[in-house]
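Following the hints, put chain B in place on chain A, whose structure we already have.
So the sequences go chain by chain: A and B. First residue of the first sequence: 1, per this note's numbering; consecutive thereafter. First residue of the second sequence: 1, per this note's numbering; consecutive thereafter.
Simulated from the structure, these hints should not be mistaken for laboratory data. Note that the Cβ used here is the ideal one computed from N, Cα and C, for glycine as well. One should not assume that every hint holds.
If you want the ones that stay clear, here's a sample from chain B, every Cβ over 12 Å from chain A, calculated [stated by the list, open to error]: (1) Pro43; (2) Val134; (3) Gly152; (4) Trp218; (5) Val220; (6) Gln235; (7) Leu238; (8) Met253; (9) Pro256; (10) His273; (11) Val301; (12) Lys312; (13) Leu332.
Pair by pair, the computed Cβ-Cβ distance ranges are [unchecked claim]: (14) B:His130 / A:Ala490: 21 to 27 Å; (15) B:Lys212 / A:Glu474: 39 to 45 Å; (16) A:Glu292 / B:Asn327: 35 to 41 Å; (17) B:Arg82 / A:Glu292: 33 to 39 Å.
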Amino acid sequence: MSGNGRTKLVLGYGTCGIAAGAAAVKEALEREVSAGGYDLELDIAGCMGFCFREPIVEVFYPDGRSVVYGDLTPKKVPQLLQAAAAGEVLEEWVVRRSDDPTAGEGDFLANQHRIVLRNCGRLNPESIDEYIARGGYEAARKALTTMTPEEIIDEVSKSGLRGRGGAGFPTGTKWGFARRAKGDQKYLVCNADEGDPGAFMDRSVLEGDPHAVIEGMIIAGYAIGATQGYIYCRAEYPLALKRLDIAIAACRERGFLGEGIFGTDWNFDIKIKKGAGAFVCGEETALIASIEGKRGMPRPRPPFPANEGLWGKPTNINNVETLAAVPWIIAHGGEKYAELGTEKSKGTKVFCLAGKVRRSGLAEVPMGYTLRQVIFDVGGGVREGKEFKAVQLGGPSGGCLPASLLDTPVDYEAITATGAIMGSGGMIVADSSTCMVDLARYFLSFTQAESCGKCVPCRLGTKRMLEILTRICEGEGEPEDLERLEVLAADIKAASLCALGGTAPNPVLTTLKYFRNEYEDHIFHHKCTAGVCPALITVKINRDLCTGCGACAKICPVEAITGEKKEPHSIDPDTCIRCKLCLSRCPEEAIYAE
Amino acid sequence: MEQVRLNIDGVDVVTTPDRTILEAAREAGIRIPSLCYDRRMEPYGACRICIVEVEGARGLLPACATRVTDGMVVRTDTEELRRIRRTIIELLLSDHPRDCMTCESAGNCELQDLAYEYGVKETRFPGEEHHYEVLADNPLIERDYDKCVLCGRCIRICREVQGVGVYDFVNRGFEAVPGTPYNRPLTETPCEFCGQCVSTCPTGAIISIPSKGKGRPWQVEKVRTTCPYCGCGCQIDLHVRDGEIIEVSSPVMVGPGEGNLCVKGRYGYSFVHHPDRLTTPLIRKDGELVPATWEEALGMVADRISKALDDKGPDAVAFLSSARCTNEENYLLQKLARAVVGTNNVDHCARL
Chain A
1 MSGNGRTKLV LGYGTCGIAA GAAAVKEALE REVSAGGYDL ELDIAGCMGF
51 CFREPIVEVF YPDGRSVVYG DLTPKKVPQL LQAAAAGEVL EEWVVRRSDD
101 PTAGEGDFLA NQHRIVLRNC GRLNPESIDE YIARGGYEAA RKALTTMTPE
151 EIIDEVSKSG LRGRGGAGFP TGTKWGFARR AKGDQKYLVC NADEGDPGAF
201 MDRSVLEGDP HAVIEGMIIA GYAIGATQGY IYCRAEYPLA LKRLDIAIAA
251 CRERGFLGEG IFGTDWNFDI KIKKGAGAFV CGEETALIAS IEGKRGMPRP
301 RPPFPANEGL WGKPTNINNV ETLAAVPWII AHGGEKYAEL GTEKSKGTKV
351 FCLAGKVRRS GLAEVPMGYT LRQVIFDVGG GVREGKEFKA VQLGGPSGGC
401 LPASLLDTPV DYEAITATGA IMGSGGMIVA DSSTCMVDLA RYFLSFTQAE
451 SCGKCVPCRL GTKRMLEILT RICEGEGEPE DLERLEVLAA DIKAASLCAL
501 GGTAPNPVLT TLKYFRNEYE DHIFHHKCTA GVCPALITVK INRDLCTGCG
551 ACAKICPVEA ITGEKKEPHS IDPDTCIRCK LCLSRCPEEA IYAE
Chain B
1 MEQVRLNIDG VDVVTTPDRT ILEAAREAGI RIPSLCYDRR MEPYGACRIC
51 IVEVEGARGL LPACATRVTD GMVVRTDTEE LRRIRRTIIE LLLSDHPRDC
101 MTCESAGNCE LQDLAYEYGV KETRFPGEEH HYEVLADNPL IERDYDKCVL
151 CGRCIRICRE VQGVGVYDFV NRGFEAVPGT PYNRPLTETP CEFCGQCVST
201 CPTGAIISIP SKGKGRPWQV EKVRTTCPYC GCGCQIDLHV RDGEIIEVSS
251 PVMVGPGEGN LCVKGRYGYS FVHHPDRLTT PLIRKDGELV PATWEEALGM
301 VADRISKALD DKGPDAVAFL SSARCTNEEN YLLQKLARAV VGTNNVDHCA
351 RL
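Here chain A stands alone, though its shape is the one from the complex:
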């Protein structure tokens, strides 16, 4: 990124960075650079993956070294600029150094293998020149000018790439269906309707490297014979949409999109369709209905979109991550990609580490890595040194796996065998302070609210399951409720129209399988061992530790805490609403829930 002899500062400017305060840091950088008369270059990049240390800045020195600093604020900017201009390193702020991979959080990246995220955080996503400088659009040029569509499909098949949206269908096979489907017009759709709570890898790719997705689409469109592409992206991703708009316009200007692209006689263009944020529109038939202007509801398959898709024409739908991997595969060859991974799951997978993990952010690892490697080696383990309890894979459609399954490899079949799913790549870590019944209830409340309402098992079944889980959490569970949950879960999975309903019971089934004792504690012993469910806990003060500072009494919204100054306080259990605000306020950690 440097090269003109000047030191360059690149600010992480994805949604995660901006949410953490990158806009104020950007303003401070611009102001201070001009005020201080620094000979420094400023630029932005997408998310590098260090979401847990945003806002971050990477400083590129003329000698080729680079240092990433994290947790920046406008106040820290002058010191940062002084050090950067002087070529010095501010050791205590370091997140990563290029000349010392062990410094800071360096192992977060060192333990990853980046293909899809190859450019994320490494270039300005609003500059097509930077993408081209890193070899961008060479794969598309190679595909269109030197390869037949069949050769491309063959190469993708050889790579073993499988759909990264979650279902893991072999991409080459899917392209082959669309290629062979008969139709005067075919469509290619990029599914960017990322909706799992805790999943943000597609957004990060679109914000950090939009050209990779567009290049993947150009190749895919040519391979299947589609001249029109659509990107279905939710309107809640305004920055991704803005960067896609910029990227598409730049491509049209360069002749990478439009008529006769790369000097061939092939035409291909892309339209963006903004989704309104319905989770079900990630399901391909609902997505198609939404593009067509209809209510986003799935329909039975077959016919599959490869034969009857958008506007009734053959349509191929791929996820963002899948498409972003395609240019790399064409550039390096399918076999190279297939060198990574397990027997049936090849290449890499991007995970979004979230929840109680120490390093939340983007982790791209080769298939075959164990969950333990992802969570502990990349993610740095559980926050605050707490004990690992479970990991929720695949968001609301996935499952909760216990510590005993941490050595499960990242592999479609191996993960499915546990009752979870690979899904789009959300990985939410739970520690001992997480109640598994409450967690299952949370995920079901999401799928239930996002059910489109079309088919009976999903519409009414998830509602009834949620009601049962809610009453268990409220201490009103009945002994028959476990069986009711199992009956409903089995029938909803078997009978639902689409995968939303078909997978919605997974969080309940896996927690019932691996954490059944917690359900039984709630129902039979009226106890929430994690101390989460308000109806089943009592908040108490340890009189030996309490110093009588009164901080708890001050914050208590219902005045349930009383006591003389400098004397141990006590909580009236009848007045207490178990909001646990006092727990977080006590400087002595004298308050506990049980």
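Frame of chain A, contents of chain B only:
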């Protein structure tokens, strides 16, 4: 068309590849239960009642929406399927009023039939129920969405068959319910009051107000006749109780209308028993209309036409026909006008 051989519940069935499993089964006399299916519309696959097991297929498939293929082996009534159907019926009943005693559709309700067939007395999954306001915002169609099973049949028949599209679902998940734009009364929508939605509703969610409380299906005699309103010739069933027509329906896939009716055919029957209805011709005598026989009336018309022809020639006479006559009858009338009387003065009421 080429033929397809498949096996349904051990029975070899030969059919054509354009058939769905449900159609092929029904043709072969094998009944697969359903709820959101109506032959008049495209398959929808929402209720999941008609799911069947197909050898080699991933998961269970809706028979209504799955085309037959050669060599297919289908099972429609396994223990698993019966268990799932029971669960679905119980789920539907968990958000449905148990008021079959007074429900307008008792005896003509597909949900009731399913509960009866599967012996579902109570639901294992009680929970929150909807309590919508009953919508009687017009004189003909009443909507009570507490009874709605969200099969989408009203929405689809209005859009696919009538080409009107008054309804669609609003809200999502448990809160999803059919509605009009901005929940306006039907009178403020493009609704034509054809009552097609009433005809397809499998429960008592959409009913005809003029028929309310007038008779149970087993208390009426159905009289098949041809709709008198236009030349289309739609077949209709008059539901007659104690000599009074209390409802009109149309047999599905019979006659040129295939079970579809317009507002006139379905609701335009109140004249039959109206006290003002003319039952004989009337002839004005001394300024008073006096009942007459058809012979008298036709004789008088013939006399007057002859007189007009003699006095002023053919163009002094005009023939006014009716859109309620058949094409053949209208043809004959203009033939009479042109060939017998010799005038082109021919017109009909629909132009007025």
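The hints, checked one at a time:
1. Pro43: 7 Å, violated
2. Val134: Given that every Cβ of chain A is farther than 12 Å from that of B:Val134, nearest at about 21 Å, it holds.
3. Gly152: At roughly 7 Å from the nearest Cβ of chain A, B:Gly152 sits no farther out than 12 Å, so the non-interface label is violated.
4. Trp218: 29 Å, holds
5. Val220: For B:Val220, whose nearest Cβ neighbour in chain A is about 31 Å away, the distance exceeds 12 Å, so it holds.
6. Gln235: 32 Å, holds
7. Leu238: 35 Å, holds
8. Met253: 23 Å, holds
9. Pro256: Consistent with the label, B:Pro256 stays out of reach of chain A, its closest Cβ about 29 Å off (over 12 Å).
10. His273: Its Cβ never comes within 12 Å of chain A, the nearest being 42 Å, so this holds.
11. Val301: B:Val301 clear of chain A: closest Cβ-Cβ about 57 Å, beyond 12 Å.
12. Lys312: Consistent with the label, B:Lys312 stays out of reach of chain A, its closest Cβ about 62 Å off (over 12 Å).
13. Leu332: 46 Å, holds
14. B:His130 / A:Ala490: 21 to 27 Å: Given about 26 Å between the Cβ atoms, the range holds.
15. B:Lys212 / A:Glu474: 39 to 45 Å: 42 Å Cβ-Cβ, so the 39 to 45 Å window holds.
16. A:Glu292 / B:Asn327: 35 to 41 Å: Because 39 Å falls inside the window, the suggested range holds.
17. B:Arg82 / A:Glu292: 33 to 39 Å: 37 Å, holds
Hint compliance for this structure: hints 1 and 3 are broken, all remaining hints hold.
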